[in-house]
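K.L.:
Below are the chains, spelled out letter by letter.
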Amino acid sequence: MVPEYGLWLPPDISTHGYQVDRLINVLHWFMALLFVGWGIFFTYCLFKFRARTGHRANYELPNAKISKWAEVAVAGFEVVLLFGLALPVWSQVKSDFPTDEDNPLRIRVIGEQFAWNFHYAGPDGIHGRTSPELMKADNLIGLDMSDPDAADDLVTNNWMHIPKNKKIVCDVSTKDVIHSFWIPVLRVKQDAIPGMSIPVWFEATEHGDKFQVACAQLCGNNHYTMKGDLTIYESEETFNEWYESMAGDGEDEEEEEE
Amino acid sequence: MSTDHHHNPGFIAKYVFSVDHKVIGIQYAVTALLFLFFGFCLMMMMRFQLAYPGEEIPVIGGLLAGALDPDTGGFLHNLAASLVSSDGFLLPEGYNVLGAMHGTIMVFLGVVPLAVGGFGNYVMPLQIGAPDMAFPKLNMASYWVFLAGGIVMLVSFFLPQGAAQSGWTSYPPLSVISPGQTMWLIGMVLLITSSLLGSVNFIVTIIHLRAEGLSFFRLPFFVWAQFVTAFLLLLAFPPLEAAGVLQLMDRVAGTSFFMPTGLVVANEVLNVAGEGNPLLWQHLFWFLAHPEVYVLILPALGIVAEVIANNTRKPLWGYRSMVYSTIFLGFMSFIVWAHHMFMTGMGETMSIFFQTTTMIISVPSVIILTALVISLWGSSIRFTVPMLFALSFLPMFAIGGLTGLPLGLAAADIHLHDTYYVIGHFHYVVAPGTLMALFAGIYYWYPKATGRKMNTMLGHMHFWGSFIFLNAVFMPMFFQGMAGVSRRLYDQTLYYHGDAVQSLTRMSSWGAWCLGIAQIPFIINFFASLWMGKKANDNPWEATTLEWSTPTPPPHGNFTTVPVVVCGPYEYSPPDKPDGFTPQMTANA
Amino acid sequence: MAEHAHDIAKHVKVYIVIFAVLMVLTLVTVGVSYLELSIMSAVIVAMFVASIKGSLVACYFMHLIDERKIIYWVLALTVFFFIVLMAIPSLDVHSGEGVVVNR
Amino acid sequence: MSVAEIKYIDKPHPITGLTNGKLGIWLFLASEVMLFGALFSSLILLRVGSSDWPHGKNILDVPLATLNTIILITSSVTMVMAWASLKMDRFDKFKLYMGATIALSCAFLVIKFFEYSPKFSHYEAFLKPAAVSKYEDHLTGKASISGHIEKQTDDEIVFKPDTPKGDHGADHGAEHDGHAEHAEITIDRADIHRLTSFGPWHSNFLGIYFTMTGLHGLHIIGGIVVNAWLLFPGSVMFRKERERFEGRVECAGLYWHFVDLVWIFLFPTLYLL
Ligand code: HEA
Ligand code: HEA
Ligand code: CUA
Ligand SMILES: [Cu+2]
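Chains as they are written, first to last, in the working numbering: chain A, 4 to 261; chain B, 286 to 874; chain C, 75 to 177; chain D, 102 to 374.
Just so you know, these hints were derived from the structure itself, not from any lab.
Being a predicted model, the structure only gives us computed values, none of them experimental.
Wrong hints could be hidden among the right ones.
Unchecked claim - Only pairs whose alpha carbons sit at most 27 angstroms apart, straight line, appear in this in silico DSS-like list of lysine-lysine:
#1 D:Lys108 x B:Lys422
#2 D:Lys196 x D:Lys158
#3 D:Lys196 x C:Lys84
#4 C:Lys143 x D:Lys188
#5 D:Lys188 x C:Lys84
#6 D:Lys252 x B:Lys422
#7 A:Lys51 x A:Lys68
#8 B:Lys299 x B:Lys422
#9 B:Lys862 x B:Lys299
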């Protein structure tokens, strides 16, 4: 099922996204109101005060208290937007990370020119060690197979898999230049900064396999091809089934599976 | 210096290496217009790729593809190789080259030199009753350094590495590892140096060389705008110069100021020392680049204020609060820079601080715009060509400014950052905003500089064409951005959400080409009016400010009598002369 | 500013004194650097001495001590933005939620 | 056309009390503050973010730099004395002091040259973690050996290491270590992770050191050019336009003191901390 995309915001399938959307919508109503009101006054002036015979400019300045009120109202509304709508969402997205009780699924997201790699920790929940020296065409994230934690790990290239209704934490990093990890339908965006690993979290509320992960930051010639697919499973069970089927495939990383 | 005026200089000294601010202003303006045109041409090529991904670019594509052969391509060979494939369609790296150079050229070689170097240089000394800039030779140097910077940028297209391709923001590590960036950095260092020389000159001139009686609160608003702008350039540009030097070191001396340890490019670990910080560049860049955007808008606001006051035949409403707002705006613009970096993972406190300052900085803009609109009340509006441009500036700048608000709130920016919404936002302020204001300025001051008026009919054609098609280009971008289309995207149809709005992209592209056609009357008008324009008297717009009280075109030294100022800048329709106006300068001192 | 010759002669004496003080302070800061202080106190001492030296140069050689108001204003503005600029590192290092990976 | 005169070139403006030149030079210095401010800010950021920032004294030559500090401060004094001499109507002394200023600035550059050049023949070999124990006795850094290259082949390097850390008497700058009596050692290329001279590419510390001192050096060169102009061709102005000439000397002086001031901060931050 390809979601309906249109002129306004793309569909939202995350738990926090509605707040982002609400902020955007409220803000645009406010902007439209301001613009229309202001535009009516402007157009009226253009018509009413056009130069014509018998009409003369008035040297006296209008005592426009209304402007003060309008300005105060604009400023006031901005305060409301900022403290009422914008900051709470931001702080939820940025600070209220899932705790251990939520038992989030942690995925390492590693950008490179021009692909997204997803590093799953597997049943043990611990990501195996990686190192730059080991990053080669057959081991894109440089997973160190001598680390026991790496044994049950799985790495996918340009294809992200997550279960629905589960909190996901992504640790976003990059091998080379700056990328920006973006899933439009989940209202998630985080720059991948070289030398850093930055966490973001979200939770999907729909499942399906026709979603996309994008790169939002110019990262070189093929920036435009740097998109991944996103499959969201109906439940954790189906997600685990997928995981096991992949792990059993005997790809490079899983050869040491017991 | 001043003694030079007494000699009778030869042609070269008079028109090429001139120290006269008026000649330098015109040199700046013409050079900048050519760069604007060039930047626009780059964009028209890009717009073709966007509208019809992977198709051969008409005419130019074939032309460049023909130059791909190193033997027959001649000097075009390198250019062609960096832009097009053998089938004549734009390469992804070519797209990036065009985008980066469009941004750079428009901002640093087009709008700033036109608004500050051109209008500032030509008009400001006249408006304050000064014989010239305080340092005429420095002024000349500033132009030539600017030109050198521009030439470096242009030449870079024809070198084997091609021109810069990492966006006008040049974020490292990408900019450090991609070709062409070195010339960009050298060019930028020259352009920055030129701006610094210019801004020192502007500030000293405005503080010291005002005519007798011209107190600060009698200055035309345009001069105020230039004054604040000069401070922005003076204090914000040096950090970018520092950053540019650091990036240059990273590229040519193998340092790693912006390169952290363990970067792996194409599966090879980069052999550099590491431990650098890519965000350092972003901080230094935006520390300049946010004030820079106000450098783009303030002179435009100044022009609009002059034209509106003149054509409403009435003093500006709220002149003082406009001045205070401008100063406040300039000051605040130094502490909002990180709103361009909300998605880099900054901490919460920091983002709250920058969201708040961003909301605060929108208030002075609202005040200035409101003052300009209320100035219409009770006026008698003459719809001259400059006035049409100035009036259309107001709603279009309002759209651009208002759409800055969602970007300034980090939560909304999650969705909008780095999408076409941002492109829409800032083009509404720089193109339908600043560019329209600059056109207004050209039509308004042309008679002063040349002694002839530009043609009104062609002016109307230019205005309506530009007005309609600028909106046609940029309005769809908001919807594209909302839908989620990333900027700097060679081919958006690869994404579901991008494919869904491809028709908008196409519309925007057609808008851009029509916009190009709409410039033809302007170009004709600009050159033909030099010979065929209606002769203008010294004060064709019946304006009050000082530049209109001196002969047209103004002589060396600008004024034939010592100007003495007796009143504020906008004494239109005063009670004692209900149908007239009081010039700022007394007839004879 | 444009003073008379005997004022200048007085200035000259001041210059010599300042010169001596600067020399002493230079030796002091070099000397202190051999004391193996902790990095924190070393920075504080070094910056303190450098600030004194800098202020002496600015105040006496550059005559800032009795300069015109307008220059103070320009410098005050500059100093403010200078401080903002100096805040960049602290903004960056202390507040991000990202983890630096030293791989 | 008396209207055409630009005012306040030689006489101060009645309200600001400044000539154009002086106001201009102060504005220029304000922008210079921001330029060097940005570099200092970068230095702090890089240093705070670094895992192993070297002690300037261990890499750089403190005695030479101290000498340079003294030279530069002296040149600042001679500069201000040159200006004072003009004011006291002693053109001969002006020439003397100005000449001294220029000579001192040239000396500064010469010393800088001697400070820079050994860095490019002095190497550091960063070892691969696995190979560190092999060269235990010779380590000069955490996992590195610095010294001079005696001979190199495709798979080996004959290296004359500096006195290893811990040995006493080694804390006076690496440059002198050429004299240290230390046996040559042979390092396998395969054990080396990165071999680099002490140029700007060595580390961010040396990178910022070369960038900042280099930029400062360019400012010195600029100052020399201006001062030389004032001393030779420009000095004819003294008789023709006395006040204007004094103004120019004052502005050049302000610039020169600023260059000195920058050095006063560069010296401890780079060399001593
Ligand atoms: C001339 C240039 C200019 C101007 C004036 C502005 C003005 C503003 N800009 Fe914009 N901006 C840019 C040029 C400009 N910008 C550029 C070039 C970029 C992108 C750079 C890049 O990434 O390449 C950018 C990007 C940008 C971002 C980063 C977006 C992102 O990358 O995610 C943000 C975020 O806060 C922002 C905010 C603002 C705000 C709040 C204003 C405010 O100052 C706007 C204030 C104006 C108003 C609020 C409207 C005025 C008033 C009315 C409509 C009247 C109504 C009044 C009454 C009824 C009384 N801008
Ligand atoms: C001042 C700045 C400025 C101006 C005026 C413009 C003007 C225009 N810009 Fe530009 N643009 C930028 C600054 C500017 N832009 C920047 C900074 C970027 C970001 C780059 C990046 O991603 O790094 C950008 C990016 C950008 C993009 C996004 C590319 C991408 O993300 O992939 C697009 C897409 O359509 C675009 C289009 C246009 C168009 C159609 C115009 C039109 O409005 C142009 C109109 C021009 C004219 C009408 C010319 C008029 C002059 C004449 C006719 C001369 C006559 C000559 C004589 C008389 C001598 N611009
Ligand atoms: Cu990765 Cu764009
Ligand atoms: Cu901004």
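K.L.:
So, for every hint listed, does it hold in this structure?
P.N.:
Hint check:
1. Restraint check for Lys108 of chain D and Lys422 of chain B: satisfied, since their Cα atoms lie roughly 15 angstroms apart, inside the 27 angstroms limit.
2. Our distance criterion of 27 angstroms between C-alpha atoms is broken by Lys196 of chain D and Lys158 of chain D, whose separation comes to about 38 angstroms.
3. A hinted pair counts as satisfied when its Cα atoms are at most 27 angstroms apart, and Lys196 of chain D with Lys84 of chain C qualifies at roughly 21 angstroms.
4. A threshold of 27 angstroms between alpha carbons decides the hint, and for Lys143 of chain C with Lys188 of chain D the separation of about 23 angstroms falls inside it, so the pair holds.
5. Between Lys188 of chain D and Lys84 of chain C the alpha-carbon distance is near 12 angstroms, which keeps this suggested pair within the 27 angstroms criterion.
6. A threshold of 27 angstroms between alpha carbons decides the hint, and for Lys252 of chain D with Lys422 of chain B the separation of about 56 angstroms lies outside it, so the pair is violated.
7. For the hint linking Lys51 of chain A to Lys68 of chain A, the alpha-carbon distance of about 20 angstroms falls within 27 angstroms, and the restraint holds.
8. At roughly 13 angstroms between alpha-carbon atoms, Lys299 of chain B and Lys422 of chain B fall within 27 angstroms of each other, so this suggested pair holds.
9. A distance of roughly 41 angstroms separates the Cα atoms of Lys862 of chain B and Lys299 of chain B; the hinted pair therefore is violated under the 27 angstroms criterion.
In this structure, the earlier hints numbered 2, 6, 9 are contradicted, and the remaining ones agree with it.
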